[in-house]
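Q: Work out the full structure, taking the sequences as your base and the hints as a guide.
Protein sequence lines, in the order shown, are assigned to chains B and H. If you count the first sequence from 1, you need to add 49 to reach our numbering. If you count the second sequence from 1, you need to add 49 to reach our numbering.
Because the hints were derived from the structure by calculation, they are not lab data. Careful: at least some of the hints might be erroneous.
One copy or two, either will do: identical chains are not told apart, so a pair holds if it fits within one copy or between any two.
Only pairs whose alpha carbons sit at most 25 Å apart, straight line, appear in this in silico PhoX-like list of lysine-lysine [as the list claims (entries may be wrong)]: (1) LYS105 - LYS90; (2) LYS105 - LYS225; (3) LYS351 - LYS270; (4) LYS359 - LYS270; (5) LYS270 - LYS285.
Owing to the predicted nature of the structure, the values given are computational and were not obtained by experimental measurement.
There are 2 protein chains.
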Amino acid sequence: MNTAPFRSLVALTALSVLPSQADGDSLPSWKDASARNSIVKFVEEVTTPGSPHYVKPADRVAVFDNDGTLWTELPTYPQFYFGMARVKANASRHPEWSAVEPFKSALAGDLEGVVASGVRGLIELTAAPHDGLTPDEFEQVATAWLSQARHPRFGRPYTECVYLPMLELLRWLQAKEFQTYIVSGGSQEFLRPWTAHVYGIPASRVIGSTVVTRWERRDGKPVIVRTGKIELVNDKEEKVLSIQRVIGQRPILAFGNSDGDLPMLEWTAGGAGLRFCGYVHHTDAEREYAYDRQSKTGRLDKGLDTARAKGWTVVDIKQDWHRVFNFEPGPR
Amino acid sequence: MNTAPFRSLVALTALSVLPSQADGDSLPSWKDASARNSIVKFVEEVTTPGSPHYVKPADRVAVFDNDGTLWTELPTYPQFYFGMARVKANASRHPEWSAVEPFKSALAGDLEGVVASGVRGLIELTAAPHDGLTPDEFEQVATAWLSQARHPRFGRPYTECVYLPMLELLRWLQAKEFQTYIVSGGSQEFLRPWTAHVYGIPASRVIGSTVVTRWERRDGKPVIVRTGKIELVNDKEEKVLSIQRVIGQRPILAFGNSDGDLPMLEWTAGGAGLRFCGYVHHTDAEREYAYDRQSKTGRLDKGLDTARAKGWTVVDIKQDWHRVFNFEPGPR
Chain B
50 MNTAPFRSLV ALTALSVLPS QADGDSLPSW KDASARNSIV KFVEEVTTPG SPHYVKPADR
110 VAVFDNDGTL WTELPTYPQF YFGMARVKAN ASRHPEWSAV EPFKSALAGD LEGVVASGVR
170 GLIELTAAPH DGLTPDEFEQ VATAWLSQAR HPRFGRPYTE CVYLPMLELL RWLQAKEFQT
230 YIVSGGSQEF LRPWTAHVYG IPASRVIGST VVTRWERRDG KPVIVRTGKI ELVNDKEEKV
290 LSIQRVIGQR PILAFGNSDG DLPMLEWTAG GAGLRFCGYV HHTDAEREYA YDRQSKTGRL
350 DKGLDTARAK GWTVVDIKQD WHRVFNFEPG PR
Chain H
50 MNTAPFRSLV ALTALSVLPS QADGDSLPSW KDASARNSIV KFVEEVTTPG SPHYVKPADR
110 VAVFDNDGTL WTELPTYPQF YFGMARVKAN ASRHPEWSAV EPFKSALAGD LEGVVASGVR
170 GLIELTAAPH DGLTPDEFEQ VATAWLSQAR HPRFGRPYTE CVYLPMLELL RWLQAKEFQT
230 YIVSGGSQEF LRPWTAHVYG IPASRVIGST VVTRWERRDG KPVIVRTGKI ELVNDKEEKV
290 LSIQRVIGQR PILAFGNSDG DLPMLEWTAG GAGLRFCGYV HHTDAEREYA YDRQSKTGRL
350 DKGLDTARAK GWTVVDIKQD WHRVFNFEPG PR
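A: Written as structure tokens, this is what we have:
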């Protein structure tokens, strides 16, 4: 993986901005409220030797959704903007796209039409333009786009539009010997170039949607080649099946923000022993966005009801976070 | 995962039998010959800070085939015996099996017919009898079988028929901060219950063949259910595609023993920087087995030519290993 260009981009963002913290102050961007307290209580109970809920490090599996849980997903998934740009850039090779959704909407710059295609559309728009590329070539394309793209409201690279409190949580869990995974509906290969630098999560712990690949020889050397065909749309129940396929263990902690994460949270909750399930609830239109049951992207409806019924932790961004982004000049 | 019954079985085998070794003597079962020396030279070059070939721990990915590389695969893959037993045990529910290969041969106890079905047959025989089981239920079945099955020649549990020199190598690489993976044609869920105890390789680092799974509710609780349908036969080129899908990084070290491992070794060799590719060559009919180009199981033909042409390390069991198994009373 050629991460050099990207590393320079993110060197000043994300995990590297976090100051070292004493254990009791690992979550400085979290207000001293019930969400923070429930997280701290859980982590201490499962990591303190002698605790009745102690879990050995090998079993400390924690899974996080990405869009809307670790980074901002409105106006829509950043990957949708990537897909639209890539479809436009490759349109001349694909005249057939002008008549087929979600490509038609992408070419017309119709964000609403694109969003209506859902997570499958997201993966289609990322898959089709990159048919025939090697993973390394795809990575260069994704990295180049991410380095120049800016969030339409915040004017920052998407990789800076990550939630500071969640970065603190990831770092703290990693220090506590949790194996932190991303389990995303987004494309695995779109995430992998930057998750190590931004989240401290290596490629092997990124589980996302995939395309069918094939092995072939080019100039006598073996290469892996992406096709335009979808292998897996890693959403809803598929997230649970992926967790079993890739990790082979049931997580003890899961964080999501939408109904697409509900099966993963239910699966986590269903194991024996103490479990933590958390939802990020977007309630802060001023600092980020406020949306839930009616949103076209990241709809949180049944999940919110389930969380409340089961007593899961619902993080209210407005109430629970001192600070949302690192770039935010808000009070601390 | 319920590993308790299995843990007791293997507690006295495998990694736990290895004495702690000073760094220079981490491979006591390896003779002081070229195979050992090439391994030691490689590991020292990539792990010594300041070395021109230094590789940081995050990039120290090492992949190992299992059958014939870490444990004995003759008379045939242990999993074939498991599959035959399971097909017999479930035959009354499946009258159609009596007319279809490889089930027909399995029911007739025709080992040659079963072996002729190859790696796909191996996965079919493991998949079909367990349609409808959860992964936990499958694990109990596999563990129960492994606890009572004995190797037909050595009279030992299959999990004791693991190569002591390879256990030493795994342990040494793990101590040197390598991420050691199994990349096997065998079924992932057949391996996972015991690889942590025997090889020090956790479930999340076991990549094997898989069946299609589905999510459903039983008594209101979400469960994962195995189907009898094959999702992936993780052999040959598929091993390379799996490595990219699951690990997302090209390995710097790969060990195999058959032509089925050749693409994985070529893929490893094709990366930039220093790489290690090794083949276990079965040359010791007295202590284990002698086979290569003509074998129906674990055929090593094109791979042997390629290894010699490219200067890869070919481990000659007879010449290179003081001791093959822990239970072997041989000279040291």
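Q: Can you tell me if LYS270 and LYS285 fall within 25 Å by alpha carbon in one copy, between copies, both or neither?
A: between (38 Å within a copy, 16 Å between copies)
Q: My question is about LYS105 and LYS90: at a cut-off of 25 Å on alpha-carbon distance, are they close within one copy, between copies, both, or neither?
A: Within one copy only: 17 Å inside a chain, 35 Å across chains, cut-off 25 Å.
Q: When no copy is specified for LYS105 and LYS225, does a C-alpha distance of 25 Å or less occur within a copy, between copies, both, or neither?
A: For LYS105 and LYS225, the Cα distance is within 25 Å both inside one copy (11 Å) and across copies (22 Å).
Q: Could you place LYS359 and LYS270 in one of the four classes (within, between, both, neither) given a Cα distance threshold of 25 Å?
A: between (54 Å within a copy, 13 Å between copies)
Q: One pair to classify: LYS351 and LYS270, alpha carbons no more than 25 Å apart. Within, between, both, or neither?
A: For LYS351 and LYS270, only the inter-copy Cα distance (16 Å) is at most 25 Å; the intra-copy one is 50 Å.
Checked against the numbered hints above, the structure breaks none of them.
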